[in-house]
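When the sequence shown is numbered by this note's numbering, its final residue is 263 and no position is left out of the sequence of numbers.
Hints are supplied without guarantee of correctness; some may be wrong.
[What the hints assert, rightly or not] No more than 25 Å apart at the CA atoms, straight line, and that leaves these computed lysine-lysine pairs for DSS-like:
{"#": "1", "residue 1": "Lys190", "residue 2": "Lys234"}
{"#": "2", "residue 1": "Lys214", "residue 2": "Lys234"}
{"#": "3", "residue 1": "Lys139", "residue 2": "Lys74"}
{"#": "4", "residue 1": "Lys261", "residue 2": "Lys190"}
{"#": "5", "residue 1": "Lys261", "residue 2": "Lys214"}
{"#": "6", "residue 1": "Lys214", "residue 2": "Lys201"}
{"#": "7", "residue 1": "Lys261", "residue 2": "Lys245"}
{"#": "8", "residue 1": "Lys139", "residue 2": "Lys190"}
{"#": "9", "residue 1": "Lys245", "residue 2": "Lys214"}
{"#": "10", "residue 1": "Lys139", "residue 2": "Lys201"}
[As the list claims (entries may be wrong)] Label-pair distances were calculated between CB atoms; the ranges are:
{"#": "11", "residue 1": "Phe252", "residue 2": "Lys190", "range": "48 to 58 Å"}
{"#": "12", "residue 1": "Arg98", "residue 2": "Phe236", "range": "36 to 46 Å"}
{"#": "13", "residue 1": "Leu253", "residue 2": "Leu229", "range": "43 to 53 Å"}
{"#": "14", "residue 1": "Lys234", "residue 2": "Lys139", "range": "38 to 48 Å"}
{"#": "15", "residue 1": "Leu36", "residue 2": "Ser259", "range": "48 to 58 Å"}
{"#": "16", "residue 1": "Pro16", "residue 2": "Gly180", "range": "40 to 50 Å"}
{"#": "17", "residue 1": "Leu238", "residue 2": "His90", "range": "48 to 58 Å"}
{"#": "18", "residue 1": "Leu36", "residue 2": "Gly262", "range": "30 to 40 Å"}
{"#": "19", "residue 1": "Pro16", "residue 2": "Gly157", "range": "29 to 39 Å"}
{"#": "20", "residue 1": "Val47", "residue 2": "Glu18", "range": "40 to 50 Å"}
{"#": "21", "residue 1": "Gly65", "residue 2": "Glu18", "range": "39 to 49 Å"}
{"#": "22", "residue 1": "Ile218", "residue 2": "Glu193", "range": "23 to 33 Å"}
If you're looking for bench data, these hints aren't it; they were derived computationally from the structure. All C-beta atoms in this analysis are idealised placements derived from N, C-alpha and C, irrespective of residue type, glycine included.
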Amino acid sequence: MSSTNDQSLVVIESRPVENVGLVEINRPELRNALNLEVREKLAAAVVGFSEDPEIRAIVIAGRGGNFVAGADIKAFEKLGSADMLLQRTHRYWDVIARCPKPVLAAVEGFALGGGCELAMHADIIVAARTATFGQPEVKLGLMPGAGGTQRMLRAIGKYKTLMLVLTGDMFSAEDAERAGLVSTLTDEGKALEQALLIAQKISRLPPLAVEQIKEAVINGEDAPLETALRLERKGFQLLFDTADKREGVAAFLEKRKPSFKGR
């Protein structure tokens with residue numbers, strides 16, 4: 001294991017298993033509430049792992065029994081519209097959304113407001129059955145500002161989304177999984193362990209194929225079907241010229257385990 005494990009840091013990076021980067025938000029006394037520093041450090045950690053050729057998947061988690069219980073509300077008290085515009089916080093979220101490598105969220109405890117939005121920026125959400133999701137911004141006279149309306153809409157549909165964001169009600173991980181917002185459920189305290197297992201499984205697969213699959217799904221989601229199918233075919237065809245494709249086919253025919261190099 002390699003890590004940057006200073007407990008005074010608000011974001012801690014580590015490599016708990018081979019080829020997997022772990023990013024943990026470390027403000028347990030505030031249920032890992034997001035402020036500008038956390039957003040900056042989180043984005044920097046994701047960029048670092050994204051550019052590291054040894055890392056093939058990234059897991060985001062929170063320390064102290066919660067994922068992220070929302071934004072740091074104290075930071076909002078004196079901010080106006082111009083302040084929020086000048087902060088340009090969307091650039092920190094975009095780093096996660098545009099990461100070419102698979103990103104997994106390991107959710108325990110609360111994933112509310114910006115925490116729910118952070119989870120929805122991941123490609124796979126692993127949640128403890130006892131976890132709680134929600135977009136309660138309306139109760140503060142605000143609305144979701146980092147994808148809470150749009151990412152949830154695309155995950156669970158118009159009517160469930162409007163019910164949740166208009167009321168600000170919290171909902172259980174089991175309800176989220178049934179609605180299609182959560183990929184898989186675990187026992188309490190096991191979300192990170194399960195997310196790392198899934199990330200490690202993905203990391204053993206050919207990186208170029210994994211990247212093309214993610215690109216096809218993400219970019220095809222809002223495209224017309226014919227456009228999305230062309231994107232899929234393009235990726236499929238490009239992979240035929242990779243060393244990993246040749247290795248995968250050879251290993252299958254020779255009945256041995258493949259050794260993928262990302263080429």
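Results for each hint:
no., hint, verdict
1, Lys190 / Lys234, "38 Å, violated"
2, Lys214 / Lys234, "13 Å, holds"
3, Lys139 / Lys74, "15 Å, holds"
4, Lys261 / Lys190, "31 Å, violated"
5, Lys261 / Lys214, "18 Å, holds"
6, Lys214 / Lys201, "15 Å, holds"
7, Lys261 / Lys245, "10 Å, holds"
8, Lys139 / Lys190, "31 Å, violated"
9, Lys245 / Lys214, "17 Å, holds"
10, Lys139 / Lys201, "40 Å, violated"
11, Phe252 / Lys190: 48 to 58 Å, "33 Å, violated"
12, Arg98 / Phe236: 36 to 46 Å, "22 Å, violated"
13, Leu253 / Leu229: 43 to 53 Å, "29 Å, violated"
14, Lys234 / Lys139: 38 to 48 Å, "45 Å, holds"
15, Leu36 / Ser259: 48 to 58 Å, "43 Å, violated"
16, Pro16 / Gly180: 40 to 50 Å, "29 Å, violated"
17, Leu238 / His90: 48 to 58 Å, "30 Å, violated"
18, Leu36 / Gly262: 30 to 40 Å, "35 Å, holds"
19, Pro16 / Gly157: 29 to 39 Å, "35 Å, holds"
20, Val47 / Glu18: 40 to 50 Å, "21 Å, violated"
21, Gly65 / Glu18: 39 to 49 Å, "27 Å, violated"
22, Ile218 / Glu193: 23 to 33 Å, "26 Å, holds"
Going through the hint list in order, the structure does not satisfy hints 1, 4, 8, 10, 11, 12, 13, 15, 16, 17, 20 and 21.
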